[in-house]
Amino acid sequence: NAGVTQTPKFQVLKTGQSMTLQCAQDMNHEYMSWYRQDPGMGLRLIHYSVGAGITDQGEVPNGYNVSRSTTEDFPLRLLSAAPSQTSVYFCASSYGDLPTYEQYFGPGTRLTVT
Amino acid sequence: KNEVEQSPQNLTAQEGEFITINCSYSVGISALHWLQQHPGGGIVSLFMLSSGKKKHGRLIATINIQEKHSSLHITASHPRDSAVYICAVPNFGNEKLTFGTGTRLTIIP
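Chains as they are written, first to last, in the numbering used here: chain A, 3 to 116; chain B, 2 to 110.
Next comes chain A alone, as it looks inside the complex:
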């Protein structure tokens, strides 16, 4: 099993550009989520999904869109990149809803917006 994969590993965007961060898991997990990690702050939830076709907002959803058309994939779209979105992004998955199940994290995507 590859676990949770994320692409790209690194990305530099100019302000206003859009892009999609890819996340995929091969563990048949229902629950998937996107976090951002900024210096001095804990991981913060952007969006999450409890199954295919179902998504919901987390703590910091503004400027991001998600969709979940399959169990395996959960892409995160930046609509119009801003310097405030410079961060490290982690995708995670778990078998069921939190807090009962262990989370598996992807390797992260380091995004810089200039």
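Please note: incorrect hints may appear among the correct ones.
[Claimed, not checked] From the derived model, a few chain A residues whose C-beta atoms are all more than 12 Å from chain B:
| hint | residue |
| --- | --- |
| 1 | 11 |
| 2 | 26 |
| 3 | 60 |
| 4 | 71 |
| 5 | 73 |
| 6 | 96 |
[What the hints assert, rightly or not] Partial chain A-side listing against chain B, Cβ under 8 Å, derived:
| hint | residue |
| --- | --- |
| 7 | 50 |
| 8 | 105 |
| 9 | 107 |
| 10 | 109 |
In case anyone wonders, no lab produced these hints; they're calculated from the structure. Positions of the beta carbon are idealized from the N, C-alpha and C atoms, including for glycine.
Based on the hints, put chain B in the right spot on chain A.
Using the frame of chain A, we list chain B on its own:
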């Protein structure tokens, strides 16, 4: 919202020392997660516990539900234990986790 505090923020110790990292939270929970973030950035789940104690190798996690406090202990610490250790607790009706800011541990040979 469940507030999470970890202490210390940074910890440097000699190889072989016994390490304790603390996590306190403000609202009663059903389970707490301990995670490890390697220097390269990857995050792995270490423990998920709802009561008592769990042990995995040299790592021990304890939780006191009444006091809203958990500790992560490392026995016979080794330089490869150098990492950021993060605790997380459920929030907003158990659908989401709130993460602490982490404890950066450095073990010197």
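Evaluation of the provided hints:
no.	hint	result
1	11	10 Å, violated
2	26	17 Å, holds
3	60	6 Å, violated
4	71	21 Å, holds
5	73	18 Å, holds
6	96	9 Å, violated
7	50	7 Å, holds
8	105	6 Å, holds
9	107	4 Å, holds
10	109	6 Å, holds
In summary, the numbered hints that this structure violates are 1, 3 and 6.
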